[in-house]
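Chemist: Each chain is listed here by its residues.
Number of protein chains: 2
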Amino acid sequence: MTFEVGEYLKRLKKTKQRMEKHGVDVLLVTDPANMNYLTGYDAWSFYVHQMLIVMIDEPQPIWVGRYMDANGAKRTTWMHDENVVSYPDYFVNSHQFHPMEYIAKLLTELKQEKRVIGVEMDQYYFSAKSYTTLLDNLPNATFKDCTSLVNWVRIIKSDQEIEFMRRAGTLAEQAMQAGIHAIHTGSRECDAAASIYYELIKGTEEFGGDYPSIVPMLPTGDKTSAPHLTWCDDHFEEGNAVIIELAGCYKRYHAPLARTVFLGNPTDRLKKLDEIVKEGIENVLQKVKPGIYLEELEEAWVESTRKYGIEKESRLGYSIGLNYPPDWGEHTASIRKNDRTVLEPNMTFHFIPGLWFDQDGIETSESFRVTEDGVELLTNFQRGLIQKIPFHFPDDTKGIIS
Amino acid sequence: MTFEVGEYLKRLKKTKQRMEKHGVDVLLVTDPANMNYLTGYDAWSFYVHQMLIVMIDEPQPIWVGRYMDANGAKRTTWMHDENVVSYPDYFVNSHQFHPMEYIAKLLTELKQEKRVIGVEMDQYYFSAKSYTTLLDNLPNATFKDCTSLVNWVRIIKSDQEIEFMRRAGTLAEQAMQAGIHAIHTGSRECDAAASIYYELIKGTEEFGGDYPSIVPMLPTGDKTSAPHLTWCDDHFEEGNAVIIELAGCYKRYHAPLARTVFLGNPTDRLKKLDEIVKEGIENVLQKVKPGIYLEELEEAWVESTRKYGIEKESRLGYSIGLNYPPDWGEHTASIRKNDRTVLEPNMTFHFIPGLWFDQDGIETSESFRVTEDGVELLTNFQRGLIQKIPFHFPDDTKGIIS
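Chains as they are written, first to last, in full-length UniProt numbering: chain A, 1 to 402; chain B, 1 to 402.
The hints are simulated quantities; they were obtained by calculation from the structure and are not laboratory data.
If chains are identical, the list can't say which one is meant, so a pair holds when it fits in one copy or spans any two.
Below, in silico cross-link-like pairs of lysine-lysine (DSS-like), each with a Cα-Cα straight-line distance of 30 Å or less:
{"id": "1", "residue 1": "Lys74", "residue 2": "Lys312"}
{"id": "2", "residue 1": "Lys105", "residue 2": "Lys144"}
{"id": "3", "residue 1": "Lys114", "residue 2": "Lys144"}
{"id": "4", "residue 1": "Lys74", "residue 2": "Lys111"}
{"id": "5", "residue 1": "Lys307", "residue 2": "Lys271"}
{"id": "6", "residue 1": "Lys289", "residue 2": "Lys251"}
{"id": "7", "residue 1": "Lys312", "residue 2": "Lys278"}
{"id": "8", "residue 1": "Lys105", "residue 2": "Lys337"}
{"id": "9", "residue 1": "Lys337", "residue 2": "Lys74"}
{"id": "10", "residue 1": "Lys312", "residue 2": "Lys105"}
{"id": "11", "residue 1": "Lys289", "residue 2": "Lys14"}
{"id": "12", "residue 1": "Lys271", "residue 2": "Lys74"}
{"id": "13", "residue 1": "Lys272", "residue 2": "Lys74"}
Computed from a predicted structure; not experimentally measured.
Please model the complete structure; the sequences and the hints are all you need to start from.
Modeler: Structure, rendered in structure tokens:
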């Protein structure tokens, strides 16, 4: 297991306190990050239905999943083996049977069928059909929406979790360096993505890397106006801007990092945008400390950038940590107007004031931790636009000038 | 765009024929693979709510997503720009607003609010909350479950799609070779995963690779009993079995491949299992041809392996093709008992008769296409257990003997 049993028990206790506050007797945890957080369970099995059943009056949760995944659950969780229950394979991708029928039956056997049951209503791995199947098969239960209940427990990290995120930061740095190195006139987007992946996963001599919950994104040229396009096999050309957004990942904990690279001499417009973004980032980071509202960081950004006529439509960032595809964001607090989350030590955020216009865009981001009296960056990487001037040496060596 | 507009129009036509058959006027397509299939849309934006609205009497679908992703939709789809509609960022990860409120309003403006609306009820990217929000905001609509409606259109591939899958097969072969090379006494699981990723994504000189919808899986030693565990940074040791399950991916089309590697001399038990699996695979592949039921392949497997006392709990395989995380399976036909899908030319499957026991497991798989009169393998890779004998050369060179 990744953490000591005591840490899992603490997390479970906090979860039960929230359940009690919400009047929930039984919580069905289907978010794989929440399942991992409470038990240690770590496998790429979330493409089939699975869950933890957390009963408020039982000391151990019950893992339920596919038969072939039960061995993995026994191996990676702290619970007793009898708390690992599995359904037969004919429930998988069936048009006739649904795993929630099995789970409703199990809940009935456990005498939970008349209780208040919390479900994560707005979450990738709890489908509309899962919900209606439970409703149909547990007519005497009362269902409550508990989306993000466990996510809010996750928002404050333990010191060990922070150490994992620092390691993820080291991986992000070395992958960013490899990406910048691999981007040059004549190389391909896929070549750069391959180099980034290699560094992310090989890791360092001391520790290996895990897969990030979002693939590295490399929008190039005109495509920098669209932040979530992935790579293809086009060649980079002089005059291209390339946005690199990636995250290092260590034992499912993330540290994202974004930079913009320019091949050749950037336009004055891009240079100006770069200055505005750097100034804004500096001004926001200076504000970070426990006790303030998250929206105050947004106010600092607006104050810093409004004078240049910049208006940002999208949020400036979000809480990060443990996660699984398709997102490394925690789905709790966002750095934006009206978010009145009060900052506390060991909260962690990806602060990404990306600017996207119709024809171009720029991204520079930092992942940070709130400390006792300020801020700690999770990565140490030269901030701002990275300019690569091709020297055209015969051996294809390229220089990096920023 | 990846395909010509004519191919997208054909796919849309087939989808509408199915909608008509099911009595559905409006189909809300939320599966990113289905969105890509009908329009070309390709971005890692499915971690926020998005969809295609397919109206049976309108020539073009409407893409709806987050504001910052609209540029990507305009760029990668065949529809007119006015058919790309986006919601403001304050809907994202909000505890107050839900994107389906916006979409319900849009459907009302489009005068679709009293029609029969099909939704993909059992799909990762249509949450329980999405469904209840639509129900609440469209009280006069009738909802029908259309899970896998578009998936079933996808099951027969065009010749261009098959060519993409052959390319994916080439990537799978070179990644498998790299993985086998990187697995040796003293190297780490993450080193092997990094080498596999590098080859998958760098691709060949002719074409680059895309990210597979499932990460490479590398269960090692005891962990071979749990097929969906991913890598860590443990070192490989002599006596380890290592299962490699991966897929090459080209423009979102997959060709999966699994092999089992043994460091040193395998036990007689593993050698025997290997022979049984190879014989079973041979017997099944000989049966493949258009016109038979899929369950006949399962019967061939049972007939081949029952005499050795082997009973397989899980299905033997599934339809594959275009996909996004978290699964490369198509969620339509499965190679198992009671699946009466009739094989047709250009159907494609991952045939993976993995055997997992309490202490170990073995996986050997093939991805295949049904041809006019038989079968074509999508990869060409030596079948069966791969034995690596360490020679302990001072320069760490390792030999491969199979």
